[in-house]
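There are 2 protein chains.
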Amino acid sequence: MNFGYFDDISREYVITTPETPSPWINYLGNKDFFSLISNTAGGYAFFKDPRLRRITRYRYNDIPVDNNGRYFYLNDGEYVWSVGWKPVKEKLEKYECRHGLGYTRINAEKNEVQSSLTVFVPLGHNCEVQHLKLKNTGDTVKTITLHSYVEWALWDALDDMTNFQRNLSTGEVEVKDSVIFHKTEYRERRNHYAYFSVNEDIDGFDTDRDSFLGVYNGVEMPDMVKNGTSGNSIAHGWHPIASHMLKITLMPNECKDLIFVLGYAENPTDDKFEEHQVLNKTQANETIKAFLTKTQVEEALIHLKQHWEKLLSNFTIKSNDEKMDRMVNIWNAYQCMTTFHFSRSASYYESGIGRGMGFRDSNQDIIGIVHMIPEKARERILDLAATQLEDGGAYHQYQPLTKKGNNDIGGNFNDDPLWLILSVSSYIKETNDWSILNENVPFNNDPENSASLFEHLKRSFNHVLDNLGPHGLPLIGRADWNDCLNLNCYSNTPGESFQTTQHITESNAESVFIAAMFVLYGKEYVNICRQLNKIP
Amino acid sequence: MNFGYFDDISREYVITTPETPSPWINYLGNKDFFSLISNTAGGYAFFKDPRLRRITRYRYNDIPVDNNGRYFYLNDGEYVWSVGWKPVKEKLEKYECRHGLGYTRINAEKNEVQSSLTVFVPLGHNCEVQHLKLKNTGDTVKTITLHSYVEWALWDALDDMTNFQRNLSTGEVEVKDSVIFHKTEYRERRNHYAYFSVNEDIDGFDTDRDSFLGVYNGVEMPDMVKNGTSGNSIAHGWHPIASHMLKITLMPNECKDLIFVLGYAENPTDDKFEEHQVLNKTQANETIKAFLTKTQVEEALIHLKQHWEKLLSNFTIKSNDEKMDRMVNIWNAYQCMTTFHFSRSASYYESGIGRGMGFRDSNQDIIGIVHMIPEKARERILDLAATQLEDGGAYHQYQPLTKKGNNDIGGNFNDDPLWLILSVSSYIKETNDWSILNENVPFNNDPENSASLFEHLKRSFNHVLDNLGPHGLPLIGRADWNDCLNLNCYSNTPGESFQTTQHITESNAESVFIAAMFVLYGKEYVNICRQLNKIP
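Each protein sequence line maps, in turn, to chains A and B.
The first sequence maps to residues 1 to 536 in this note's numbering.
The second sequence maps to residues 537 to 1072 in this note's numbering.
Among the hints, a few may not be true.
Claimed, not checked - Distance condition first, Cα-Cα at most 16 Å in a straight line; then the derived EDC-like pairs of lysine to aspartate or glutamate: (1) A:K89 with B:D675; (2) B:K939 with B:E966; (3) A:K323 with A:D7; (4) B:K625 with A:E220.
To be verified - Which residues of chain B face chain A? A partial, calculated answer using Cβ under 10 Å: (5) S558; (6) I561; (7) K625; (8) D696; (9) G754; (10) H775; (11) G946.
No wet-lab data here; the hints were simulated from the structure.
We treat Cβ as the ideally placed atom computed from N, Cα and C, and that holds for glycine.
Just chain A, with the same shape it has in the complex (with noise of 0.2 Å):
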């Protein structure tokens, strides 16, 4: 079966059916507003954590999978059908899902209508930016009605998929002429919000899950998109979507621009309130108004293709062999970076729940970077050597909103503290920069408990040293890198992770791969003290 291909010259990789084995995904975002988005228009998007700071609601393990995501439904009357095929799957006669670097775009076509819906999280904005255009391909006036949507999730995701009592008398939302706001909590502890824009007016709206499907349907055949027709339903409680109904009619050759925003915003906390619990909305305007016009959406995406130019272009290969140019030029530096962002915290198989951000897996990640984004490498190091405990040991993960270390999946992982050595010195490798190591930074994120970097990093060399065997190889802790292979602790009970159990046996099980990377980066650090003239 061949289900797509690679497009060199524009970088995209090119799916030519909705009909993939599995959801075939892109990863969206740069800074701190990210996306997951499907060749099916499914996925979600989140602000810095997948889990503390989920914008759009994403069911894991649903049935058929991937069944939620920014949908466009289009019915002329004829024919009901989604600009990705799904949630419809009514047939379409063109599809083609083009996977870029930072963006998707997916073109398709059904009875003489073309679609063309290019997704995208702009730079310098914490949004996602639909770019929908739809041409009339045919020689008679077309009438369609279209309707958006999205849902929202109420901001914490595994709160949000368990605690029902209370979610299903939270939700708020807020309508102000083409923009849905989705604001749940916003009253009480929260400063942000989200919100769901387009550049037009619009003929309707529905932010209650219910009245914009009816009570019995998914979301393949909304009854809003069956009738043509809106509620303009206020949520209260129960699931707040945001639904924007559009009346169109496109004269036989025109074409049709419309730009959807969905974003997320802060607001000071002594300024949340524009009037009585009226949302101030300053920030949201000021990104819609970024994106009013196509000409200031092309002129983002160009920035952003100039963005991926710029980072691909520091280190390039030309082989003789097509793929191995592909890989190295193009999709592995691609793949590094979505790594970076994403630390497998959040795919379609990572609920993007449970793991946090992995000191381990984040160190590795520097190495896959750091020719590309140098200053981001470094706020990285430093980030993960503040979660650092003073006796050198570490805890294995973090989570990326609040930076703090947590035992969440365990720790005294004893490989650990080594990936520290590696990160930094490969970032000055790359870099020259030496004076990272004369940053102050903190153990176990407490200011009032800090020294260098280079101090770290002799912790995190004299912790092997510190914890040795009765062979005098490293003692392994709970586990080295092959963290399936707990040698000190097991559990008879059902569902208790080894990595977090306290049934711990007295055992002195040593790790040579731990020893082998002592040797590897106990050298590079050896290194660093020549260089800077000071004893090991």
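Go by the hints and put chain B onto chain A.
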């Protein structure tokens, strides 16, 4: 709108349309095996604990709601329909759902085939029996392909919906004749398995969800159902299900009875296998054998009805108000039994994940059932008292599987201890069984540290006196019965529960409610002391 009526003779609530405003549900089960079932056959089953021993998978907050259950699909060559309307939602010619005491029956008719599905948890067995009758009401031969369907949960309901890195790799099944066994993690740390059987030879089966449904389909129209076939798929990881396929021919007026059993069983740790990696099926086979014939099932249902007849006969009234009689004699008692068993920890709005059984709630629940099942009230009282702390305080909840208290949703609710006095005094008043006070009961589930139940009551009583505020009123602790009013704790952190936050202010908030409780239940305690000639 009228959706149904009470049938007082049968003690059933009769729902006359599947399209109720939300799922209208029944709670099945009498001791350890429990099920929830909606009027469209949705819902799930669990053993003892809805979080730790979830048997079938259910998605709270699904779109649409209530979209998984024990489903039976019929394909007669002209129509595909399901006997509970959902999930196919094909229009039925007749539909009626009867929620009875411990059972639910759904009657339907489509295209000259009548169906009647009776679902109940029989006394003395850890299973749900599903008795499906089909009848050809027309005058031509009917050839029907029948598919059953349940989806297995991988035991821990929370892990099942969050940890896909693991769960997509662990699913394991075994198929033997007409029985599909679910045995995920059985090889490793579990000694329990589930199964789904039918009392006939089957013409096919599926245990892999994607094979049965098709990757892009919901449960509304599985590929195998549409095509009238089966894949005989064996799940390895991904999403294990159980689906039987039977080809059925019905002559005019012919009836057919099929009996499906959805069961749970545990094996001794040293007797888990009948041969290498082959499940020891003895217990499942015994249960299945008890429900092979229509007569066996009808007798089991009669036993269940007699059981309820007896329970309800302990207290009846005859007023001149039909609704009063109905409430007191049937439905309030039934609800109280449900509350006793489920303790509001699993419903269509409580996901069964978060709270375990409440100390306060479960003590209160006693007074609704003590006249019906005093021996179970006794057992529950002793279980609850065993989680009490030495100073008389209490964990706010305990997990029904382990019977151990936990602080997951907080502690120090200063009303909690007094509810134990309520339950014990109610029990004694109803039964005159003073011996319960002499039972030796641990504190904090520690068998090394125990005292008589009477001593526990004394600690409850003294816990109030030991915790008085500046006005001589009881200190509220974290909260009293109105546990949304958390006077002593506050957190600005979004998502942080007031009930578990460590930000406790140095307030001396007192509770008039606890003071009133003390007057009421303190008096009960003093009465008990007098009876025993003890000094309070």
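Which of the numbered hints are not met once you compare them with the structure shown? 1, 2, 6 and 11
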